[in-house]
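Going line by line, the protein sequences match chains W and F. Following numbering that gives the first Met the number 0, the numbering of the first sequence begins with 0 at its first residue and continues without gaps. Following numbering that gives the first Met the number 0, the numbering of the second sequence begins with 0 at its first residue and continues without gaps.
Mixed in with the good hints there might be a few duds.
[What the hints assert, rightly or not] No more than 27 Å apart at the CA atoms, straight line, and that leaves these computed lysine-lysine pairs for BS3-like: (1) W/K32 <-> F/K155; (2) W/K64 <-> F/K294; (3) W/K236 <-> W/K29; (4) F/K293 <-> F/K332; (5) F/K74 <-> W/K294; (6) W/K100 <-> F/K185; (7) W/K100 <-> F/K155; (8) W/K163 <-> W/K236; (9) W/K344 <-> W/K100; (10) F/K243 <-> F/K74; (11) W/K100 <-> W/K207; (12) F/K265 <-> F/K197; (13) W/K163 <-> W/K64; (14) F/K366 <-> F/K294; (15) W/K64 <-> W/K33; (16) F/K366 <-> F/K293; (17) F/K293 <-> W/K64; (18) F/K243 <-> F/K155; (19) F/K155 <-> F/K185; (20) F/K293 <-> F/K53; (21) F/K332 <-> F/K243; (22) F/K185 <-> F/K74; (23) W/K344 <-> W/K374; (24) W/K309 <-> F/K7; (25) F/K243 <-> W/K33; (26) W/K174 <-> W/K163; (27) F/K74 <-> W/K29; (28) F/K269 <-> F/K225; (29) W/K163 <-> F/K74.
[Stated by the list, open to error] A few chain F positions that, by computed beta-carbon distances, are all more than 10 Å from chain W: (30) K70; (31) L71; (32) K146; (33) R275; (34) H276; (35) E331; (36) Y364; (37) G378.
[Claimed, not checked] Distance ranges between label pairs, derived from CB positions: (38) W/E246 <-> F/T55: 34 to 42 Å; (39) F/K7 <-> W/T201: 36 to 44 Å; (40) W/S43 <-> F/E142: 20 to 28 Å.
In short, the hints are calculated from the structure, not lab data. Glycine included, every Cβ here is placed at the ideal spot set by N, Cα and C.
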Amino acid sequence: MVACCLTIQRIEMRNVYIVGVARSPIAAVKSGKKGGPNTSSVSSLSPVDLSVQVLRALFEISGIKPIDLDSFVLGSAISQKVELDSMFQAPAKYIIREASKNNTRAIGTDIEKACSTGLAAIWHAAGEIMLCHAEIAIAGGVDMMSRQPNEIIIEGLTDPTTRKFMAELADQKAKELGFSAEDHDRYARESIVFASSHRQQTSIIPIKIDASEKSTVCFDEEVSILTPDRFDRLQTKRGSLLFPDCEIMTPLNCSKYGDAAAFVALASEEAIVAHSLKPLARIVSYAACGGNEPKNFVLQPYEAITRAIKLAGLDPGGIDFFEVNEAFPTTCVYLMQRLGIAREKMNPWGGAIAHGHPIGATGAGLLTKAVTILKEEGHNRAVISVCNAIDEATAMVIERVGGEI
Amino acid sequence: MTKLFYTKPVYIVGAQRSPIAKVRRGNPNTSSISQLEPKNLAAQVLNALFSEVKATRGMEFSFKLGSAISKLLEKRSMFHAPAKHFINGTLWNGANCVDASLIGEACATGLLAIQAGVKDILLNDAELVVAGGVEMMSRHSDEVISKIFLDVSTGKNMAVLSDNKALRLGFSREDQESYALSSYQKAHDHIGDHGLVKIYLPSDKENPALAQDEGPMKIPTLDMIKRLGLIPGCQITSPASASKYGDAAAFVALASSGAVAIYQLKPLGKIIGFARHSELEPEDFIIAPIGAIKKALERASLRTEDVDLFEINEAFSSTVLATMAGLNIPSEKVNLWGGAIAHGHPIGATGAALVVKNLAMLEKYNKRYGVVALCSAIGEGICCVVERV
């Protein structure tokens, strides 16, 4: 390796604060019959409608006036590529105009980085603030996996280079590392248990399906469906549930499909003062890493997390908890072992195994959750990390601010 | 707003584009290269770029892929992680792409990908970035492609929005068409001046299928232009005053001064200012480049008159006419080799292609400062300021 390239060096830039977080519940996806579209309790809404409900709530929560917003960064990995009637031309700008009733001059940007989409969108917006290209920004993601037939979703979960299912690649890597089905199942069950005691989260915006009060979705639905008891019952049939060509990965111990939108509001120190905004946390550092071996994607969060922690001038001991996407349990099991992370510090409120992985919304959903945990459990620092195709991952370090800067 | 902007130099160390293929309308549409997938087209341009910067094993780089249409419609090759997938199909496999993403927003896409790369270098997220765009409008039906010109928020076609605004600004059909005619002529006169990557089909490795921009090869006369019917819903805008469909890929390599030194790269230019700007009303997209150019020049500490050569995307004649009028730019400095009216506007690739073109012109005429600007939906403009090194 040449001595370049990425120097692990912090760059002195303006601070970027998170001044509001909001997400929809993650709606469970019901499989379509005979190749027809999947459905969910929110699938009658378009991704634009879903995003607009969350964004309007975020404007209210954060106190940001739409006309003061400089930038809106939208992440979408699946919906944007299939919702051709509403998300074709300039989806980011269209959504933010709808959310602000056309009263905004925010510039719109679409970003996609497979499962890291949401986190990459947030970092893009943070960078605009750091470079003084923006003072106030909103960023995050939306994906609705319910509104397509399964074959489309499966294309989004297939490694384009090897044409293998991501679960199969993860399975191969897990076996290479000497992990067993048992440690994956144990981890998954714990995630489901953790999630079941954190169904209510303050950052969740109830989503209205129509005008009647009854049709409101308030909780991550999969958590109520796959309870620990049901998990145990289904585990007895584990052999028949394995994904094709897998020995470890089953739909039970891996992430579930989902529909969700999640967004965070970001601001500079100057904007916080000028608009009396309330900082919740500060973005300390971010790293994206990648290689050329598709199955290694489950390990890339290790590279991204260690780089982000170093950039923050910290060591893993300085992190109170980790929000690492549970696309497959392998990543979390590996990280706990490699970095010596206690189980209760790894996805303490459960993760995508329990509540779902709405691809492009996940990174922003995890950040939203992390900010909520920092505040409610009185922690100081958290790491958010997501693995993504092809052989990549992203990680972000955030720090609680507590209303003052 | 606190002034911080550009704390270190961002060099352009490579710039390549394919010619723009003309889309032959039909059902389906075709072009000289429409049997290629966007990833094959992009790979040929990327390989030329990698050989220009002498890519070697051990180099680490980030990749920003722009696409506005192909990314939505190429289900097989652009659905999951398309950016990294594109890199895996090139000859840069020995080097390591550590961070690949897809970025865009309508017509700003190609330049926005470059801006994202500039941001990565300024923030120390990367030392070397490959950024640009690809679009193949020939591979899809008119019905689908036309969605990119539909502003969903007003239900109006971009041509109609442009037409409304142009009328309000006092432009006439004659103004728009005399600009269009001059653009056709300039594009035709300079057809051989561009440095282009020849594109081959898998069936014939000897003879390129696309060697020159196809749009300017045969250009209309003023009489032909005058006889054209107006675009539906328009009062002064005919297809002559609008950009044409096209297929193309264009990419640049960006580097920090550290990467320039270590890899012994040869800077062609520097990116010294970037900005995006939005108006409130959708029809104001044709004047939004004015705001973007002003902000970008301020960030580069330059005045409008310091700029030697402007590339203002000819989405419509109106954009160029309004921008020249709004900033008092003499026409001798604008789109010297023609623009999208003759060449075509392969939406997500255009911004990057204009940077490649601007650099080539700065070099040819021995000039220093260039500006590339585009209008974009909804109500937006984007601008990049380049300094030749």
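These are the hints, each one checked on the structure:
1. Distance check on the hinted pair: W/K32 and F/K155 sit about 37 Å apart at the alpha-carbon level, beyond 27 Å; violated.
2. Proximity of W/K64 to F/K294 is assessed by CA-CA distance (about 23 Å); at most 27 Å being required, the pair is judged to hold.
3. With a CA separation close to 20 Å, the supplied pair W/K236 and W/K29 stays within the 27 Å bound.
4. Annotation: proposed proximity of F/K293 to F/K332 holds, straight-line Cα distance about 16 Å (limit 27 Å).
5. Distance restraint check for F/K74 and W/K294: the Cα-Cα separation of roughly 22 Å lies within the 27 Å cut-off, and the hinted pair is therefore satisfied.
6. Of the pairs offered as hints, the one joining W/K100 and F/K185 is violated, with about 43 Å between alpha carbons and a cut-off of 27 Å exceeded.
7. With a C-alpha separation of about 18 Å, the suggested pair W/K100 and F/K155 falls inside the 27 Å cut-off, and the hint holds.
8. Restraint check for W/K163 and W/K236: satisfied, since their Cα atoms lie roughly 25 Å apart, inside the 27 Å limit.
9. Distance restraint check for W/K344 and W/K100: the Cα-Cα separation of roughly 41 Å exceeds the 27 Å cut-off, and the hinted pair is therefore not satisfied.
10. Restraint check for F/K243 and F/K74: the C-alpha separation of about 24 Å stays at or below 27 Å, so the hint holds.
11. A hinted pair counts as satisfied when its Cα atoms are at most 27 Å apart, and W/K100 with W/K207 qualifies at roughly 18 Å.
12. Straight-line distance between C-alpha atoms of F/K265 and F/K197 comes to about 23 Å, which keeps the hinted pair within the 27 Å bound.
13. This hinted pair does not check out: W/K163 and W/K64 have alpha carbons roughly 46 Å apart, beyond 27 Å.
14. The suggested pairing of F/K366 with F/K294 holds, with an alpha-carbon distance near 22 Å, which does not exceed 27 Å.
15. Restraint check: the Cα-Cα separation between W/K64 and W/K33 comes to about 46 Å, which exceeds 27 Å; the hinted pair is violated.
16. Of the supplied pair hints, the one linking F/K366 and F/K293 holds, its CA atoms being roughly 20 Å apart against a limit of 27 Å.
17. Proposed proximity of F/K293 and W/K64 is supported: the alpha carbons are some 25 Å apart, at most 27 Å.
18. Restraint check for F/K243 and F/K155: satisfied, since their Cα atoms lie roughly 19 Å apart, inside the 27 Å limit.
19. Between F/K155 and F/K185 the alpha-carbon distance is near 31 Å, which puts this suggested pair outside the 27 Å criterion.
20. Under the criterion of a C-alpha separation no larger than 27 Å, the hint pairing F/K293 with F/K53 is inconsistent with the structure, at around 36 Å.
21. Only pairs whose Cα atoms come within 27 Å are accepted, and F/K332 paired with F/K243 is accepted, the gap being roughly 23 Å.
22. Between F/K185 and F/K74 the CA atoms are separated by roughly 38 Å; this puts the pair beyond 27 Å, and the hint is violated.
23. Note on W/K344 and W/K374: the hinted pairing holds, with a Cα-Cα distance of about 15 Å set against a maximum of 27 Å.
24. For the proposed pair W/K309 and F/K7, the alpha carbon gap of about 22 Å is at most 27 Å, so the pair holds.
25. Note on F/K243 and W/K33: the hinted pairing is violated, with a Cα-Cα distance of about 42 Å set against a maximum of 27 Å.
26. Distance hint between W/K174 and W/K163 is fulfilled; the C-alpha atoms sit about 16 Å from each other, no more than 27 Å.
27. Only pairs whose Cα atoms come within 27 Å are accepted, and F/K74 paired with W/K29 is accepted, the gap being roughly 23 Å.
28. For the suggested pair F/K269 and F/K225, the alpha carbons sit about 42 Å apart, so the restraint of at most 27 Å is broken.
29. For a cut-off of 27 Å, the pair hint linking W/K163 to F/K74 stands: about 16 Å separates their Cα positions.
30. Separation of F/K70 from chain W is inadequate, the least Cβ-Cβ distance of about 7 Å not exceeding the 10 Å criterion.
31. For F/L71, the condition that its CB be more than 10 Å from all CB atoms of chain W is violated, with the nearest at approximately 5 Å.
32. Not every Cβ of chain W is farther than 10 Å from the Cβ of F/K146; the closest lies at roughly 4 Å, contradicting the non-interface assignment.
33. In this structure F/R275 is not separated from chain W by more than 10 Å, as the shortest Cβ-Cβ distance comes to only about 4 Å.
34. The claim that F/H276 is not at the interface with chain W is violated, since a C-beta of that chain comes within 10 Å of its own (minimum 7 Å).
35. Annotated as non-interface, F/E331 keeps its C-beta farther than 10 Å from every C-beta of chain W; the closest such distance is 31 Å.
36. A cut-off of 10 Å between C-beta atoms confirms that F/Y364 is not in contact with chain W; the least separation is 30 Å.
37. In this structure F/G378 is not separated from chain W by more than 10 Å, as the shortest Cβ-Cβ distance comes to only about 8 Å.
38. Checked against the hint of 34 to 42 Å, the C-beta distance between W/E246 and F/T55 comes to roughly 40 Å, which is consistent with it.
39. Checking the proposed 36 to 44 Å range against F/K7 and W/T201 shows it holds: the Cβ atoms sit about 41 Å from each other.
40. The beta-carbon spacing between W/S43 and F/E142, approximately 26 Å, falls within the hinted interval of 20 to 28 Å.
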